[in-house]
Amino acid sequence: MNVRLRLFAVMRTTLGRSHVELELPDGATVAQLRSKLAEDYPALSPLLPTCLFAINGNYARDEQTIPSDSEVACIPPVSGG
Amino acid sequence: MNVRLRLFAVMRTTLGRSHVELELPDGATVAQLRSKLAEDYPALSPLLPTCLFAINGNYARDEQTIPSDSEVACIPPVSGG
Amino acid sequence: MIELTEQPIDVGRVIQRVCRPTAGAVVVFLGVVREDGQTAKTAALEYECYRQMAEAELEKLQSEAASRWPGVSCAIVHRLGRVPAGETTVAIAVSAAHRDDAYSANRWLIDQLKVRVPIWKQEHLTDGTSRWLSQPPEGESR
Amino acid sequence: MIELTEQPIDVGRVIQRVCRPTAGAVVVFLGVVREDGQTAKTAALEYECYRQMAEAELEKLQSEAASRWPGVSCAIVHRLGRVPAGETTVAIAVSAAHRDDAYSANRWLIDQLKVRVPIWKQEHLTDGTSRWLSQPPEGESR
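Chains as they are written, first to last, in our numbering: chain D, 1 to 81; chain V, 1 to 81; chain U, 1 to 142; chain H, 1 to 142.
Since the hints were derived computationally from the structure, they do not count as laboratory data.
Be aware that one or more of the hints could be misleading.
[Unchecked claim] Calculated pairs, DSS-like style, for lysine-lysine (alpha carbon to alpha carbon, straight line, at most 30 Å):
#, chain 1, residue 1, chain 2, residue 2
1, H, K60, H, K114
2, V, K36, U, K114
3, H, K41, H, K114
4, U, K114, U, K41
5, U, K114, U, K60
6, H, K41, D, K36
Bear in mind that the values here come from a model prediction, so they are computed numbers and not experimental data.
Construct the complete structure from the given sequences, taking the supplied hints into account.
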């Protein structure tokens with residue numbers, strides 16, 4: 001499946017893009033997404049260990065599977081307030 | 001010496017007066033003032049155990065002596081805020 | 001800034017007084033007249049004070065807060081006279097570099113104010129009766 | 001009331017939103033842009049967010065606060081975009097019958113906001129450089 005991943009903050013400015021498209025096996029997990037992202041975009045790799053991911057606006061654990069057609073986002077350490 | 005004692009809040013409304021004059025021996029303590037007040041104004045007596053006294057705008061302990069010509073005030077439990 | 005006033009409290013002005021280039025956090029406490037008397041509803045609270053001493057005690061609180069939490073700025077305004085239900089009776093604003101100090105100093109100031117500063121309130125109920133209030137037991141306090 | 005806005009925050013309006021006849025205490029937290037960058041001075045902070053998720057997380061915080069501290073009302077407004085030094089970045093107002101709950105819920109809300117809500121800030125310094133900030137270690141936090 002094709003996943004459109006939203007990027008924010010340092011991830012967005014590092015790549016100069018607000019989203020990337022990733023090709024993943026159907027039923028892939030967040031962990032697989034994380035690996036694929038590091039592989040396809042090595043510039044993001046050092047930032048990934050502190051990033052979380054969200055599926056359809058909810059934080060998702062690494063073992064969670066990604067439903068097709070979901071909105072997936074990479075969430076670097078937040079700094080609101 | 002003659003002491004002019006300022007009254008506030010429940011003490012003031014109980015007596016209907018914002019001050020009283022008390023005749024005390026020179027060098028009298030706050031404890032003596034307290035007794036004299038209860039004696040001269042029995043209506044205040046039940047309220048006195050929870051009252052503090054202030055001399056010239058500072059809280060004063062019972063054993064403290066009252067300088068002549070000082071401003072003395074009876075401070076019932078405060079309830080600001 | 002220390003103020004005892006018969007006028008409604010302008011909260012924006014109180015906050016303005018603690019603004020500093022070094023301040024990253026501001027905590028504000030407002031006491032408000034609640035409508036819940038024990039039997040009838042509260043129509044208003046009426047505050048009286050021993051003015052010189054109240055001002056002096058508030059100044060002491062301000063200095064003590066500045067020693068306990070270096071770098072904080074604070075402003076305390078207390079209303080006097082009759083304050084109708086829904087209006088603000090006291091406003092305490094504290095600014096600090098970081099929020100820990102702003103919260104701690106603010107909470108300390110209102111707690112100390114309520115036990116040390118010679119200000120008293122009388123509750124006027126909607127049934128026409130009145131009573132002097134003293135501080136409720138710990139945990140019940142507003 | 002939950003709001004993410006590009007406009008300056010009107011603190012009076014945020015406070016107004018938590019006024020209730022049962023409220024005796026209101027605690028307000030304001031985050032302000034400090035002028036102290038590490039090397040040069042901070043000229044502004046620039047906030048970006050993942051809007052749908054940030055709004056949803058703020059709504060969750062509001063409901064969770066209402067379950068933990070029954071009877072509290074809260075309002076949270078966060079500024080987005082470029083916020084110059086001295087201006088307010090976030091305002092959290094909490095009203096409660098008594099002050100214990102107002103302080104606790106307010107503090108809990110800002111602490112949670114800073115770790116859970118997808119909002120990010122970039123610091124623009126007066127020397128023209130910029131950097132993304134993440135939350136400083138515990139105790140250092142604003």
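Do the hints match the structure? See the list:
1. Of the supplied pair hints, the one linking K60 of chain H and K114 of chain H holds, its CA atoms being roughly 14 Å apart against a limit of 30 Å.
2. Between the alpha carbons of K36 of chain V and K114 of chain U the distance comes to roughly 29 Å, so the proposed pair stays at or under 30 Å and holds.
3. For the proposed pair K41 of chain H and K114 of chain H, the alpha carbon gap of about 23 Å is at most 30 Å, so the pair holds.
4. About 23 Å separates the Cα atoms of K114 of chain U and K41 of chain U, which keeps this hinted pair within 30 Å; it holds.
5. For the hint pairing K114 of chain U with K60 of chain U, the CA-to-CA distance comes to about 14 Å; that is within 30 Å, so the pair holds.
6. Restraint check for K41 of chain H and K36 of chain D: the C-alpha separation of about 39 Å exceeds 30 Å, so the hint is violated.
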